[in-house]
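Undergrad: Chains as they are written, first to last, in my numbering: chain A, 1 to 557; chain B, 1 to 557.
Do not take every clue at face value.
[To be verified] List of simulated lysine-lysine pairs, DSSO-like, C-alpha gap at most 30 Å:
#	chain 1	residue 1	chain 2	residue 2
1	B	Lys380	A	Lys488
2	A	Lys435	A	Lys380
3	B	Lys380	A	Lys185
4	B	Lys380	A	Lys181
To be clear, the hints were calculated from the coordinates, so they are not data collected in a lab.
There are 2 protein chains.
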Amino acid sequence: MTETPHPMYTAHADTLARALTAIAERGYWSAYPESPSPRVYGETAAAQGEAAFRALLGNRYPLDQPGTVDWVATEASPFGVDLGVSYPHGDVDALVTAARAALPAWRDAGPQTRVGVCAEILARLHANIFELANAVQFTSGQAFVMAFQAGGAHALDRALEALAYAYAEMSRHPGTAEWEKPAGKGDPLRMSKTFHVVPRGVALVIGCNTFPTWNSYPGLFASLATGNPVVVKPHPGAVLPLAITVRIAREVLAEAGFDPNLVLLAVEAPGEKIASTLALRPEVRIVDFTGSTEYGDWLEANARQATVYTEKAGVNTIVVDSTDDFAGLCRNLGFSLTLYSGQMCTTPQNILVPAGGISTDQGHKSLDEVAAGIAAAVGKLTADPARAVEFTGAIVNDGVLARLAEVGGDVVLESRAIDHPAHPAAVVRTPTIVKLAADAVDTYGREWFGPISFVVATDSTAHSLDIFRETVGRKGALTAAVYSTDEKVLDAAEEAAVDAGVHLSCNLTGQVFVNQSAAFSDFHASGANPAANAALTDGAYVAGRFRIVQSRRHLPA
Amino acid sequence: MTETPHPMYTAHADTLARALTAIAERGYWSAYPESPSPRVYGETAAAQGEAAFRALLGNRYPLDQPGTVDWVATEASPFGVDLGVSYPHGDVDALVTAARAALPAWRDAGPQTRVGVCAEILARLHANIFELANAVQFTSGQAFVMAFQAGGAHALDRALEALAYAYAEMSRHPGTAEWEKPAGKGDPLRMSKTFHVVPRGVALVIGCNTFPTWNSYPGLFASLATGNPVVVKPHPGAVLPLAITVRIAREVLAEAGFDPNLVLLAVEAPGEKIASTLALRPEVRIVDFTGSTEYGDWLEANARQATVYTEKAGVNTIVVDSTDDFAGLCRNLGFSLTLYSGQMCTTPQNILVPAGGISTDQGHKSLDEVAAGIAAAVGKLTADPARAVEFTGAIVNDGVLARLAEVGGDVVLESRAIDHPAHPAAVVRTPTIVKLAADAVDTYGREWFGPISFVVATDSTAHSLDIFRETVGRKGALTAAVYSTDEKVLDAAEEAAVDAGVHLSCNLTGQVFVNQSAAFSDFHASGANPAANAALTDGAYVAGRFRIVQSRRHLPA
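Given only the sequences and the hints, what does the whole structure look like? Please build it.
TA: The structure is reproduced here in structure tokens:
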């Protein structure tokens with residue numbers, strides 16, 4: 001039962017080995033350069049990728065998969081670009097049946113081959129990173145550089161990270177073992193044991209509108225590598241990045257000698273609720289979901305035949321106690337609020353500041369001065385429209401605009417509409433900052449996804465930590481940060497973060513931002529608070545995607 | 001944040017290191033000698049252990065824990081011995097509150113200290129193994145040697161195995177890491193990251209009547225080692241082995257400087273349903289259960305705030321195709337059916353034999369000859385009462401007797417009552433074997449826990465494999481075996497076992513039995529079929545019992 005190395009494994013063995021080291025050390029590492037510069041990717045890559053993307057617009061997406069009955073087009077670009085791509089759509093039964101049929105040969109190929117083929121899919125996606133970045137940009141509303149990084153390089157890093165965890169988990173036990181038990185004066189008992197890695201069944205990945213690749217890749221590749229065929233159900237607003245992904249995966253699988261139906265795209269016609277139909281299928285044994293708390297909770301409660309991994313919503317919180325770099329604090333937080341117009345699941349929402357103000361390297365700052373400092377940093381980033389849109393991108397959908405219209409109170413910074421210089425139909429909004437009293441928990445105690453943040457006036461830093469603990473404990477959070485020059489406060493914040501189960505960043509005043517997590521080093525989400533039931537990526541994220549089934553027989557004495 | 005090694009860790013570091021090697025290699029290893037011989041444990045150990053056990057009878061069990069309102073005694077020994085031990089009983093609120101309060105200091109002690117303290121608990125249990133074995137024997141009905149092995153040495157091995165997995169999982173990531181990202185021409189970005197292992201909350205372990213220690217220890221120690229306080233809810237019929245366990249755990253925890261309320265006993269008064277009350281508490285975030293499918297399914301459906309690990313019932317199956325050692329086959333299966341009167345979750349129930357018989361080293365054997373051969377082996381083991389009871393032990397409860405009375409059909413071997421030479425009030429029954437047609441799936445397609453097995457006449461081995469796949473796929477199984485001299489049949493059986501998700505033993509004719517699994521080498525249950533949703537022990541069994549919460553801050557440039 002020894003596996004002959006598959007050529008795709010051999011080709012990527014070094015990368016996989018390096019990734020295995022990275023997940024064990026969790027220092028800095030990246031496999032896919034994040035700079036779209038011609039110096040890194042060559043002079044022609046950007047134009048070729050954009051041309052490949054443009055060629056798709058207005059056409060049927062070239063995807064030959066079973067069960068296609070008709071073609072649907074559901075995307076509306078936040079940049080106002082007419083996408084007009086239609087996708088094969090049809091019979092859920094046919095998709096699930098085709099996926100299930102592909103399982104045994106993929107299972108029997110073994111961990112090493114599966115991981116090698118998955119690594120080749122990543123390499124092929126990387127070769128098409130500019131096309132992918134354009135697709136992410138024009139469906140999610142991210143600015144180009146962010147789409148290239150978060151939607152391209154970082155998504156691939158997260159995918160490779162999941163692949164490494166899956167490989168580590170599958171190979172922590174040998175494929176075979178000899179067992180020899182002493183038996184007193186007689187011959188020892190000798191057995192040969194074989195340990196099969198057995199996938200759970202069909203896996204379903206439900207993508208989101210804002211990060212169609214970054215949030216989908218870890219689950220997709222963790223499930224595929226562990227032997228499960230994957231049905232990818234994209235958000236109706238961001239199909240193209242995942243259609244490209246599915247097409248490339250299918251090509252590589254076929255080249256490697258496997259059934260391409262191991263990866264299938266399941267788009268939905270408006271109102272079809274195909275995600276729910278798929279999630280309740282008995283063949284579907286794994287679900288990965290990123291999106292609203294309401295739907296994530298529904299999946300957890302109803303897709304009982306499956307193991308369900310969810311990333312939902314929360315109230316990301318910043319505790320401001322004091323700082324020795326007030327300008328850096330304002331710049332750093334201002335950038336975090338502005339990036340992608342706050343449409344990241346990791347964007348800070350609640351900035352807790354003592355009503356009496358804070359001490360800084362610029363002397364005492366009142367709460368209003370703190371709020372004004374952050375607002376000024378946002379204002380500076382967004383003053384020039386051409387520069388602003390490279391940070392803000394565009395607004396992903398009308399839900400965000402509705403929340404912007406709804407939010408009220410003591411406005412520190414008004415949201416402004418900006419005309420996008422390159423895309424006149426783009427919907428662009430700058431962040432708003434609203435000042436609230438600590439008792440306005442009905443407002444700040446829930447998520448306002450989009451460019452909406454609150455400066456909350458608390459009695460003291462101790463009070464801030466109480467609010468932090470209470471709101472995050474109840475509603476969850478994906479990120480948290482603290483600013484303090486006092487080690488005791490930093491320790492208390494860390495203890496509160498551990499109690500609430502949320503990752504904490506301390507005194508970020510430079511080029512690391514609370515809303516960014518680095519693959520191979522930072523865990524994204526923790527699974528320890530209501531915002532998510534899993535982390536990207538740890539052992540728990542991969543270990544439940546397969547089981548071990550053993551056989552044993554005697555060896556000759 | 002470096003941990004100074006706790007003395008209990010230092011004391012057991014070598015054992016833990018050896019256990020970590022064992023779980024990675026999965027060859028033969030054992031930390032606790034399974035022979036109760038005086039040559040191993042000393043001349044006085046057996047008598048002292050029995051005396052310690054006898055001293056407990058008729059008394060209040062010495063356990064000082066919070067919330068005790070009254071004392072309850074619920075055990076009735078299958079051997080007819082009057083146990084009369086009463087246990088503290090009372091306020092669920094007080095137990096859960098005390099457990100929750102003990103969490104932070106235990107969490108903050110870190111993985112190494114926790115694992116060291118847990119290893120010391122195991123060593124202390126081992127020092128009391130004869131007392132423990134008596135307690136298992138007289139509550140479960142196991143014969144002494146089995147109680148010593150399965151309830152003592154093997155249970156401790158399984159506990160240590162779970163401890164090793166927990167330690168491996170917690171230490172696969174460093175406690176701290178440095179991250180240095182190149183930043184073009186500027187100084188690199190440098191951060192220090194701390195990764196906290198954070199337990200899920202209070203863990204609940206629900207024990208069973210037949211294997212109070214063996215089935216409870218893995219979950220208990222996996223949860224405790226990962227930082228979760230554990231409330232142990234024993235079966236009302238087998239409290240004493242877990243009361244001893246809880247007492248010793250509390251003593252060691254207190255000695256080590258921790259709150260003894262990290263391990264608590266929650267006995268129930270008759271009809272109280274305290275397991276359900278505990279399982280639904282919001283503080284309870286992990287449940288480990290061994291027992292009926294009905295209650296396991298209830299826990300999975302209702303204890304939604306918790307991660308639930310269940311081992312339930314199934315239809316263990318033997319496919320008999322051919323053999324080159326017919327006598328060995330009969331002896332081996334006869335022993336498996338007789339051991340503990342078939343009251344193991346791993347005892348074979350359905351023996352699938354082609355109606356046309358099989359080829360053997362003794363020539364062709366008809367189905368009736370196969371059945372008679374197995375029956376004769378059982379008969380030989382149980383002919384002499386004094387010898388028989390050392391295999392059969394006693395019948396654990398009236399449910400088993402009811403099934404024996406209910407089962408009907410073409411009886412190959414009648415169950416007999418045996419007078420126990422040492423315990424006149426013991427309820428002892430030998431196995432029955434019933435012959436069924438393949439269409440009697442209403443009978444053999446469900447579990448008949450106890451000394452009840454079926455020889456099912458199939459059309460062919462291919463038909464046997466179809467039945468195997470179908471019944472195990474639908475009802476689950478913990479064990480399966482195949483007998484064949486044909487490699488193609490063995491391969492087909494292995495494929496069927498992988499498809500059905502059940503562990504397979506091939507051609508067992510010697511001193512390894514299908515109902516026994518060896519810690520550190522054999523996985524018990526797979527989690528891949530309806531009989532259990534988890535395996536003892538793999539990465540998935542421990543990874544979900546904690547989360548990682550990180551903090552990060554800049555390092556000086």
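Undergrad: So, for every hint listed, does it hold in this structure?
TA: Taking the hints in turn, this is what the structure says about them:
no. : hint                  : result
1   : Lys380(B) / Lys488(A) : violated (74 Å)
2   : Lys435(A) / Lys380(A) : holds (20 Å)
3   : Lys380(B) / Lys185(A) : holds (25 Å)
4   : Lys380(B) / Lys181(A) : holds (27 Å)
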